[in-house]
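**Q** Following the hints, position chain B against chain A.
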Amino acid sequence: MNNLNGTFLPNRNAYIAEQEPMILHCHHYNTFLQASLEDTKSYLPIYPILIDSARDIVYLQLKNHFIINQIKTINEKLQIASDFFSFCGFGKADLSKLTPDGGNIVCIAEHYSTGWLDKFVPRKLDEPNVSFFASGYFSGAFEAIFDKNQGQYKTTQTKCITKGDEFPCFEITLNHDILNHFDSPQEGVFNMFEPYDCSKDAINADAIKLALVQMPIMGNHKNGLIEAFGVFLTRMYANYYCLISYRTLQKLKEKMGEDGVALGSKLLTEAGHVCAFNTFGGIMKSTEWSGLIKPMIKSKEDWVYGIVAVVNAFGWGQWEVLELIPNTKLVIKITSGYEANSYLKMYEKSEYPISFLATGGVAGIMNLIYNGDISQNPELNETYYQEIQRSKHCFESKQTYCRAKGDEFDIIEAILKNQ
Amino acid sequence: MQLFEVIENKNCRKHIRKCYTLKTPLLPSLIESLAEFGFLEVQNFSQFSPLSKDCFKIYADDSLYINGILYDFQIHLTVSLANINFIPIFESELTKWILLQKTNS
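So the sequences go chain by chain: A and B. Using our numbering, the letters of the first sequence map in sequence onto residues 10 to 428. Using our numbering, the letters of the second sequence map in sequence onto residues 3 to 107.
This is chain A alone, in the form it adopts within the complex:
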């Protein structure tokens, strides 16, 4: 069978599966970002954004995959959609019983459901169910499998484990409403970079990247979830983050003008900071870090170089330390960052910086290493996060160069908040 897995491109630090960039992110970021966007529900149509963004991407990706690989049988198409869902750590769903009229899906597990319960309290019964991404995935997959147009299937989540149900369940039906749909920005406007020989550096970034890229990071056979580095990981569509973030930002701007942009930027940057705290922190506490990277570390600064080397295996583009002043400042240059790649294709140009995940992430690195002290193996919980946030040594960051604004690359600077 022509499995859809993808390939890592080392001159872009991008992982491409049928023209869609896939990037590693954990359940802390996924659920926190979703929760942040859901906070706008009283004044924005946020739920269609969360569902339709997934549908738009999955539809185009699977449709292309079926055409390019000449996959014609429905059973094979259903299997590929199901396998890719599990491979990426989205969960495990049996799609084999479905027909062109739709049907019901019972998931053994689903990433956002499990992730939400791990991170937050159960959802209230009068709230919508949690699995917006999966709902969009199934609609888009069905439209591609049964050769329909975008918007011709509707997926409704009928059971939700965050409300006490045993399994996440979904119903797919033919849709007769007229829905807006967009094409995925796919690989976007990307750059390539010239690799340099880092074999003489204390931290051998090339070795770290190679080792991580070859690791079998994929959903396990039982539930399709990826448990690694103390978190639930996903190989998520870069464009899903970009579509839900930038579509929400556009809506906020339409509704509230510049205040909306400021509010949205703050929410999205904080999601990046939370991501860094949990994902980078989890990685720096992991056995893999102790085996692969810790033996190379000679100073506290090497922790920064080590985690930047790890980021370069995540599919986020090329991160490079331009300046590091211990306890004081970190400047990171990003080439072909996934946020700018996608934004440039979608909107061509921005008036304000848009690399929110990276901006939060760079501050997060400094806060983990110089504000808290990750080398002392602290428990990464909400109490510790708040402690770091309240500390007078807390770092914050800003984007000083932005490719979406016309610069050649992105630059993020993290400095002490009270400086």
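For the record, the hints were derived by calculation from the structure and aren't laboratory data. All C-beta atoms, glycine included, are put in the ideal place defined by N, C-alpha and C. Mixed in with the good hints there might be a few duds.
Stated by the list, open to error - Here are the in silico distance ranges between beta carbons for each label pair:
(1) A:Leu-331 with B:Asn-106: 50 to 60 Å
(2) B:Phe-75 with A:Asn-78: 48 to 58 Å
(3) B:Ala-37 with A:Asp-103: 53 to 63 Å
(4) A:Glu-85 with B:Leu-42: 44 to 54 Å
(5) A:Lys-81 with B:Leu-83: 43 to 53 Å
(6) B:Leu-42 with A:Asn-84: 29 to 39 Å
(7) B:Ser-35 with A:Ala-211: 48 to 58 Å
(8) A:Asn-11 with B:Val-44: 25 to 35 Å
(9) A:Asn-113 with B:Val-44: 38 to 48 Å
**A** Quick look at chain B alone, frame taken from chain A:
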């Protein structure tokens, strides 16, 4: 005679996590004997950098997870609350292996 020290992480709601510190390094023979409890996965990090060390994990569904670094002195065990009966089985296997090392030396 105490063959290993144990520290339990009490911060997890769903699992019990224990870290065992041995006086002898974790040799491949220990990993092979523990592999009977689940799927063994070894990350050969040393092939990418001479400084790096190989890691291993042994897992069975979501009820059991054993991991560590080859030739290091610490091994970690994570079991779900429904599988706490596995802890004495694991410790017995560990004890048996340590005593065998002593006998052999």
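**Q** Please go over all the hints and tell whether each is borne out by the structure.
**A** Against the structure, the hints:
| no. | hint | verdict |
| --- | --- | --- |
| 1 | A:Leu-331 with B:Asn-106: 50 to 60 Å | 53 Å, holds |
| 2 | B:Phe-75 with A:Asn-78: 48 to 58 Å | 49 Å, holds |
| 3 | B:Ala-37 with A:Asp-103: 53 to 63 Å | 30 Å, violated |
| 4 | A:Glu-85 with B:Leu-42: 44 to 54 Å | 32 Å, violated |
| 5 | A:Lys-81 with B:Leu-83: 43 to 53 Å | 48 Å, holds |
| 6 | B:Leu-42 with A:Asn-84: 29 to 39 Å | 34 Å, holds |
| 7 | B:Ser-35 with A:Ala-211: 48 to 58 Å | 36 Å, violated |
| 8 | A:Asn-11 with B:Val-44: 25 to 35 Å | 30 Å, holds |
| 9 | A:Asn-113 with B:Val-44: 38 to 48 Å | 41 Å, holds |
In this structure, the earlier hints numbered 3, 4 and 7 are contradicted, and the remaining ones agree with it.
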